[in-house]
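**Q** One letter stands for each residue in the lines below.
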Amino acid sequence: MEDPDRMTALSVRFTDERLANGLRLIVSEDHLAPVVAVCIWYNVGSKHEVEGKTGFAHLFEHVMFQGSGHVAKAEHMALVQAAGGTMNGTTWLDRTNYFETVPSHQLELALWLEADRMATLLDALNQENLDNQRAVVKNEKRSSYDNRPYGDWFHKLQEHVFPPDHPYHHPTIGSMEDLDAASLEDVAEFFRTYYAPNNAVLAIVGDVDPAQARAWVERYFGEIPANRTIPALGDMTLPPLIGTEAREIVEDRVPLPRHFFGFRAPMMGDPRLDALDVAAQILAGGKGSRLYRRLVRDEKIAQDVSFFVLGLIGGASIAAGQATVRPGVDPAVVERAFEEELELICREPVTADELARARALIETFELEALQRVDERADRLAMYATLLDDPDMINRQMGRYLGVTAADIQAAAAEVLRPENRVVLTYMPAGEAATGTTDEETAA
Amino acid sequence: MTLDQILSARPSPGQPRTYAFPNFERTVLTSGLQVITVDLPNRPLVSANLLIRRGVSDEPADLAGATILTARAMTEGTRRYPGVELLEAGERLGATLHVDASWDAFTASVEVAATRLGAALELLAELVEQPTFPESDVARLRDERLNDLLQVKADPRRRVDQAFNATIYTTDSPYGRSAGGDEDSVPRLTTDVLRGIHRSVLDPRHAAIVIGGDLTGLNVPRLVEAALGSFGGENPKHEPATVAPRAESAVDHPIVRFYHRPGSVQTELRIGHVGLSRLTPDFHPVQVMAAILGGLFNSRLQMNLREEKGYTYGIGAGFDMRRGAGPFSVRTAVQTAATVPSISESLLELRRIRETPVTAVELAAARDYLVGVFPLRFETPGAVVGALGGIFVLDLPDDELARYRDEVEAVTVEAIQKAAQDHIHLDRLAIVAVGDADAVGAELAAAGFGDLEIIADEVLAGGGAAEVAEAADEVTE
Chain A
1 MEDPDRMTAL SVRFTDERLA NGLRLIVSED HLAPVVAVCI WYNVGSKHEV EGKTGFAHLF
61 EHVMFQGSGH VAKAEHMALV QAAGGTMNGT TWLDRTNYFE TVPSHQLELA LWLEADRMAT
121 LLDALNQENL DNQRAVVKNE KRSSYDNRPY GDWFHKLQEH VFPPDHPYHH PTIGSMEDLD
181 AASLEDVAEF FRTYYAPNNA VLAIVGDVDP AQARAWVERY FGEIPANRTI PALGDMTLPP
241 LIGTEAREIV EDRVPLPRHF FGFRAPMMGD PRLDALDVAA QILAGGKGSR LYRRLVRDEK
301 IAQDVSFFVL GLIGGASIAA GQATVRPGVD PAVVERAFEE ELELICREPV TADELARARA
361 LIETFELEAL QRVDERADRL AMYATLLDDP DMINRQMGRY LGVTAADIQA AAAEVLRPEN
421 RVVLTYMPAG EAATGTTDEE TAA
Chain B
1 MTLDQILSAR PSPGQPRTYA FPNFERTVLT SGLQVITVDL PNRPLVSANL LIRRGVSDEP
61 ADLAGATILT ARAMTEGTRR YPGVELLEAG ERLGATLHVD ASWDAFTASV EVAATRLGAA
121 LELLAELVEQ PTFPESDVAR LRDERLNDLL QVKADPRRRV DQAFNATIYT TDSPYGRSAG
181 GDEDSVPRLT TDVLRGIHRS VLDPRHAAIV IGGDLTGLNV PRLVEAALGS FGGENPKHEP
241 ATVAPRAESA VDHPIVRFYH RPGSVQTELR IGHVGLSRLT PDFHPVQVMA AILGGLFNSR
301 LQMNLREEKG YTYGIGAGFD MRRGAGPFSV RTAVQTAATV PSISESLLEL RRIRETPVTA
361 VELAAARDYL VGVFPLRFET PGAVVGALGG IFVLDLPDDE LARYRDEVEA VTVEAIQKAA
421 QDHIHLDRLA IVAVGDADAV GAELAAAGFG DLEIIADEVL AGGGAAEVAE AADEVTE
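As you go down the protein sequences, you meet chains A and B in turn. For the record, in the first sequence the residue sitting at position 226 is 226 according to our numbering, with numbers rising by one throughout. For the record, in the second sequence the residue sitting at position 38 is 38 according to our numbering, with numbers rising by one throughout.
Just so you know, the hints here were simulated from the structure itself, not pulled from any lab data. Heads up, the beta-carbon is just placed ideally off N, CA and C, and yes, glycines get one too. One or more of the hints may lead you astray.
[Claimed, not checked] In silico EDC-like pairs for lysine to aspartate or glutamate, Cα to Cα no more than 20 angstroms straight-line:
hint	chain 1	residue 1	chain 2	residue 2
1	B	Lys309	B	Asp252
2	A	Lys300	B	Asp143
3	B	Lys309	A	Glu75
4	A	Lys287	B	Asp148
5	A	Lys300	A	Glu251
6	B	Lys309	A	Asp304
7	A	Lys287	B	Glu85
8	A	Lys73	B	Asp148
9	A	Lys300	B	Glu126
10	A	Lys156	A	Glu75
11	A	Lys287	B	Glu443
12	B	Lys309	A	Asp180
13	A	Lys156	A	Asp131
14	A	Lys156	A	Asp146
15	A	Lys287	A	Glu339
16	B	Lys418	B	Glu407
17	A	Lys300	B	Glu308
18	A	Lys73	A	Asp131
19	A	Lys73	B	Glu88
20	A	Lys73	A	Glu51
21	A	Lys287	B	Glu88
22	A	Lys287	B	Asp143
23	B	Lys309	B	Asp148
24	A	Lys287	A	Asp270
[To be verified] Facing chain B, from chain A, some residues (calculated, C-beta under 7 angstroms):
hint	residue
25	Ala82
26	Ala83
27	His105
28	Pro255
29	Glu368
30	Ala369
31	Leu370
32	Met392
33	Asn394
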């Protein structure tokens, strides 16, 4: 049954331990290239924000680059780059992460930098730096969302897929009003609450001597006090389905209409989400996929299509898709065709060939990603933070390859249902009235 | 020791591990096709790139977009595999086949498990040698490009790039055009045109295939010979496209072109001029200079406009190098109200890097970054293969990458200032922007950065390219 040609699944060997203060340390040795990746995940994201303070987790991430007790403003970047390294940080619904990839002889520098800001960020915090980064983040919001065609689609999906009282309802970037309102005391409080070693996972992957790395981690992070009173998040449980179809017409400065589809989906780690991932490949991965073949190639009604899954852990994930309508085509026709393809994958099993092609491609994509030490560090920290299971890095491929046609059909039939669907239609400004007459009649 | 004492002591680096850019080997098949192999042990995914020195800049002006459309149409069916069957056959191997074209080269590539390299090369050869260019699929791809051009107008980022390039180059330079073609040229791209481009690409004397990964036990030249031995066999040979295209400046004094997009909350800005060829002899000083000006995270522009003033989420500057002189540009998006001060500060930084030597600390930071990050850049076969492809396409010396770090180490403060003075030209800067002219037009006119043209909104005007061009002319005169 196994293809003798099949690539040996890449096995990532690692150690997984906790310091006395609760910091979770994962180390994985790989001496292929003289580089090492350091990645630290804090178990805090925009889902921890409360009303009136949206955008705060991300604004805080920016403040983390403004200096700490022994590092001046912007010096973090200067030191990492002068060491021949790269660095950044990102914020998402479930978490915030920070990472450096450096030549292996510079590992100690990266660990020291991360420890210094975890221990002493507030020593360097001041109003000027906060105001500066507030301005930068507001420009990030303008540039990534507000000034971009179709730019707020994901925020609108969030609003419809998650109810107003759910922490995934609001966007990670936040609102201009809330960003304006963020105070120094808010920053300090956020730091004291969430930026504690027992709320973090540190992954070190690459050309590293594990005993030496462990000693450095113990030295720089070992004395940072834990916060034993991190407030628990409220219950984020959600019903599996949205309940009724949500539709919204958005007028925008766009020349072509575009539909975005969103569905409430099972949480990350649920095998049904793996099945939906494989379904996404069959639906929209490449020119041989179902949606591309029908809407773009054969019927020539769409300019492009996509379908994908975004895994989350707080009650539900999002499955989403999009199709850009060709000029002169009724947007309703494109929507209907897209939905028919989703109905078909719920009704009939995918073919053996479709499944084989999807599996082979997913295997290559996974191997390609895991070639890099930074990606391995990121995934180890992700699986430890979100699923308490870093070994998922070694099992995820098997889970994808084990997905059957029946699994796909069952997961699709549960999730890709009209009463679990959001349809956003972006219309060129001024054309919305004529292009969307079917709005009221759609189920 | 207290935590503060521990953290007060900055760590010093350990002993660097020696690093050298991987060795590669070159074989030339009887057809003239070069086979460049680089063995990277324990890298089970192999990257293969077939490159032909024939790119977008070699196509005639009236057929702009023909090379990229040819590349795209090649995956629409071949003699043995109609439609998408060839791509599907690739997928069964876990391989995605890509065909693409850049200014300088035509490329077909695949990434696949080493054990399936032979089969993947057979598909790559079929794709490159036997495309059928079905009429209806080519028509669809033309329409898709025309639709994409509509999207370009609505996206301030893409719009400003297109406008900047069209502004700085004379009309006889391909670099001023959109690589994918425009509203005038795309309708002319018939299947016959595409077949003509395809024939000119099939020339083994100007082609190489670069293959990297764990090649243990594989006779790569033999696999290539089996798959691509007859590559280009029956085609008339064309002359090598190794002459740099024209790249003259259309600008001889500072100008400002502002494309009005009502209600924009930011202004997309490009400031620059015709820049440099990748073959410039002072490539390394230029790289270090550009890193200090606008390449590093802590570049002068970033520190000034982002970290001090908060005008932008990010600003960069650099030279986009090709066989001919690609553009030099400062690139950013700034909040609307900060448009004029952002231009002033950018101009100040351009002046400053010409007039004052960089400090030893700045030089060290940029040099150490470029030298230190080099091994990180080449962690995977795809990256190594990509870099070697670039060497082939531009006929750079074989030791170009091996020498890189020594060359950068040798760059001096004086060489940086000379590079800035030689290659940054304040007297012919074009400032091109897309933003809300109602909000900033008056302030911009008063600032006197250069001859100002404000160009009417294109999306809400609902007009085609012709009307827009007329509107632009009116303002000019």
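**Q** Hint by hint, say whether it matches the structure.
**A** Cross-check of the supplied hints:
| no. | hint | in the structure |
| --- | --- | --- |
| 1 | B:Lys309 to B:Asp252 | violated (31 angstroms) |
| 2 | A:Lys300 to B:Asp143 | holds (10 angstroms) |
| 3 | B:Lys309 to A:Glu75 | holds (17 angstroms) |
| 4 | A:Lys287 to B:Asp148 | holds (18 angstroms) |
| 5 | A:Lys300 to A:Glu251 | violated (24 angstroms) |
| 6 | B:Lys309 to A:Asp304 | violated (39 angstroms) |
| 7 | A:Lys287 to B:Glu85 | holds (10 angstroms) |
| 8 | A:Lys73 to B:Asp148 | violated (42 angstroms) |
| 9 | A:Lys300 to B:Glu126 | violated (26 angstroms) |
| 10 | A:Lys156 to A:Glu75 | violated (37 angstroms) |
| 11 | A:Lys287 to B:Glu443 | violated (49 angstroms) |
| 12 | B:Lys309 to A:Asp180 | holds (16 angstroms) |
| 13 | A:Lys156 to A:Asp131 | violated (28 angstroms) |
| 14 | A:Lys156 to A:Asp146 | holds (13 angstroms) |
| 15 | A:Lys287 to A:Glu339 | holds (19 angstroms) |
| 16 | B:Lys418 to B:Glu407 | holds (16 angstroms) |
| 17 | A:Lys300 to B:Glu308 | violated (50 angstroms) |
| 18 | A:Lys73 to A:Asp131 | holds (13 angstroms) |
| 19 | A:Lys73 to B:Glu88 | violated (52 angstroms) |
| 20 | A:Lys73 to A:Glu51 | violated (30 angstroms) |
| 21 | A:Lys287 to B:Glu88 | holds (9 angstroms) |
| 22 | A:Lys287 to B:Asp143 | holds (17 angstroms) |
| 23 | B:Lys309 to B:Asp148 | violated (35 angstroms) |
| 24 | A:Lys287 to A:Asp270 | violated (28 angstroms) |
| 25 | Ala82 | holds (5 angstroms) |
| 26 | Ala83 | holds (6 angstroms) |
| 27 | His105 | holds (4 angstroms) |
| 28 | Pro255 | holds (4 angstroms) |
| 29 | Glu368 | holds (6 angstroms) |
| 30 | Ala369 | violated (10 angstroms) |
| 31 | Leu370 | violated (10 angstroms) |
| 32 | Met392 | violated (21 angstroms) |
| 33 | Asn394 | violated (16 angstroms) |
When the structure is compared with the earlier hints, violations turn up for hints 1, 5, 6, 8, 9, 10, 11, 13, 17, 19, 20, 23, 24, 30, 31, 32, 33 and for no others.
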